[in-house]
Amino acid sequence: MAPTKRDLVACIAESTGATHTCAKAVVQAFLDEVSHELARGNRIELRDFGVFETRVVAPRMAQNPKTLEQDR
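Just so it is clear: in the sequence shown, position 17 is 17 by the working numbering, and no numbers are missing.
Bear in mind the hints are in silico, worked out from the structure with no lab data behind them.
Among these hints, one or two may not hold up.
[Stated by the list, open to error] Listed next, the in silico EDC-like pairs over lysine to aspartate or glutamate satisfying Cα-Cα at most 20 Å (straight line):
no., residue 1, residue 2
1, K5, D32
2, K24, E14
3, K24, E69
4, K24, D48
[Stated by the list, open to error] Label-pair distances were calculated between CB atoms; the ranges are:
no., residue 1, residue 2, range
5, L68, S35, 29 to 37 Å
6, A25, A58, 20 to 28 Å
7, D71, S15, 42 to 50 Å
8, D32, T67, 34 to 42 Å
9, M1, V34, 17 to 25 Å
Predicted model only: the values in this text are computed from it and were never measured.
Where is the CB? At the ideal position from N, CA and C, for every residue including glycine.
Work the whole structure out from these sequences, hints included.
Following this line, the structure appears as C-alpha cells:
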C-alpha cells in the first residue's frame, strides 16, 4: 500500500525528532507551495527526485458504471 500524508508526517517527525504538529506543518507548507506553483503554470523540478508539471490532455468519454450513461 502507498504511504499516506499521515505516514509521511510520522516518518519525518520520527527521523528528525520534531513534533508531529511541526512535521505536519512542514509537509502541508510544501504541498501548498507545490500546488500554488502548479496553479500558476510553473514546472517544479527536484533534482534526484522528480518533476511536477501540469499538462493539457484531450477530453475523453467517461461512463458511469452503475447506469452505463456516457458523459464527457
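Hint-by-hint comparison with the structure:
Distance hint between K5 and D32 is fulfilled; the C-alpha atoms sit about 13 Å from each other, no more than 20 Å. Of the pairs offered as hints, the one joining K24 and E14 holds, with about 12 Å between alpha carbons and a cut-off of 20 Å not exceeded. Pair hint K24 plus E69 does not hold up; C-alpha atoms about 41 Å apart against a cutoff of 20 Å. Restraint check for K24 and D48: not satisfied, since their Cα atoms lie roughly 23 Å apart, outside the 20 Å limit.
A hinted range of 29 to 37 Å for the beta carbons of L68 and S35 is consistent with their spacing of about 35 Å. The hint said 20 to 28 Å for the Cβ distance between A25 and A58, and at roughly 39 Å that hint is violated. Roughly 45 Å separates the CB atoms of D71 and S15, a value that falls within the hinted 42 to 50 Å. The given range of 34 to 42 Å is respected by D32 and T67, whose C-beta atoms sit roughly 37 Å from each other.
Roughly 23 Å separates the CB atoms of M1 and V34, a value that falls within the hinted 17 to 25 Å.
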